[in-house]
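Visitor: Given the coordinates of chain V, work out where chain W should sit on it, guided by the hints.
Number of protein chains: 2
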Amino acid sequence: MSRMKILDAAVATKLKFVTLFSVSYLDRKAKTRDWHMVSRCETPKCVTGNIQQPDATIIVPYHREQQKLVVIKEFRVPVGDYMFGFPAGLIDPGEDMAITAGRELHEETGLELARVYRHSPAVFSSAGITDEAISMVFAEVTGTPSIRNTSDSEDIDIFLMDRKEISELLKRSDIAFGARAWLAMDAFVRMGSSYFTGE
Amino acid sequence: MSRMKILDAAVATKLKFVTLFSVSYLDRKAKTRDWHMVSRCETPKCVTGNIQQPDATIIVPYHREQQKLVVIKEFRVPVGDYMFGFPAGLIDPGEDMAITAGRELHEETGLELARVYRHSPAVFSSAGITDEAISMVFAEVTGTPSIRNTSDSEDIDIFLMDRKEISELLKRSDIAFGARAWLAMDAFVRMGSSYFTGE
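If you read the protein sequences in the order shown, they are chains V and W. 2 is the number of the first residue of the first sequence in the working numbering; add one for each residue after it. 2 is the number of the first residue of the second sequence in the working numbering; add one for each residue after it.
Chain V on its own, in the form it takes in the complex (with noise of 0.2 Å):
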């Protein structure tokens, strides 16, 4: 047996945001294979090796005046509903990933960017299907919660909870979390805001 190997990526489709690849690759026995996946990239990391730079930040906003989380409910296309979740955005080429969480942050909530505790490196959303990678910004905010920032192709509403209200909220079948957003928010629950500052 020997270790697998990326042999090369064909477009199959290419849309404004995002590129379908179908990537041949040899698996342990040495024999071809095609593996499909999407990316936001014009080469996928599978070929460019470029594996460490994040495409997105996500938001982990905890506002620590008032001791609460800052949670969005944003209406997101390929859900065809509402989804609780945190502010995110894609990095501009070259920059910094704490401006895009307090561009994105400000635009989204209103909110400022104050300083951010801790963040994850570059880490894979879904790795059978895409390439794309995130960093979770774990960030204190302050400010109060507006949407006038918001695109036409943005619905969001912001809510400020505590911890017993995330609790609440996780409780509720009728409603749509991000798999990140749901791992943040359990965590919160079951450890208090030490789990956003690491202290």
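These aren't lab readings, by the way, just hints derived from the structure by calculation. Note that CB positions come from ideal geometry on N, CA and C, so glycine has one too. Hints are supplied without guarantee of correctness; some may be wrong.
Here are the computed distance ranges between Cβ atoms for each label pair [unchecked claim]:
id	chain 1	residue 1	chain 2	residue 2	range
1	V	Gly144	W	Gly144	48 to 58 Å
2	V	Glu66	W	Thr44	42 to 52 Å
3	V	Arg149	W	Leu27	20 to 30 Å
Guide: Chain W in isolation, oriented as in the chain V frame:
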């Protein structure tokens, strides 16, 4: 401003395991726009409305006897490299998620599922790009790891790691992680095994 609304999903490209869709929707000013996404389903969830049913499970396997978390290092084609994460698998139609979890756990690690401590609802992997939803299954596992049941297109190493070893693993910058796995490993490091059991 009205609420956003899905109009229709057109197949852009259909491949064996994934379909690329162009979804038309009305934005908050009732302007028609398009969103591009991939789905594992024939018809995406934004059209069927079937958002409570997960496509797949991700098992967070706690080997209680050894007091260790089971982590797999697996070659992922979209990443083009090995990635640290957890066993996972697609749920067959009508299948109970504990059955899927037990089967995939056994196929990928040789271990047995002893019991499910707790699980998430269907949560969305990355709702900007796909309607894929998974359930996180926190489970007690038993037995001895073995990779004899993996297929040629799977290249997997299995590690049983205690809290301190996971903490060291997360500090490494030369390896890739799945996002959901990173979040669960990070919570384990901060909280210990009560994270899995919910006790």
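Visitor: Next, verify each hint and record whether it holds.
Guide: Cross-check of the supplied hints:
1. V:Gly144 / W:Gly144: 48 to 58 Å: For Gly144 (chain W) against Gly144 (chain V), whose Cβ atoms are near 52 Å apart, the range 48 to 58 Å holds.
2. V:Glu66 / W:Thr44: 42 to 52 Å: 46 Å, holds
3. V:Arg149 / W:Leu27: 20 to 30 Å: Because 21 Å falls inside the window, the suggested range holds.
Violation of the numbered hints given earlier is absent; every hint is satisfied by the structure.
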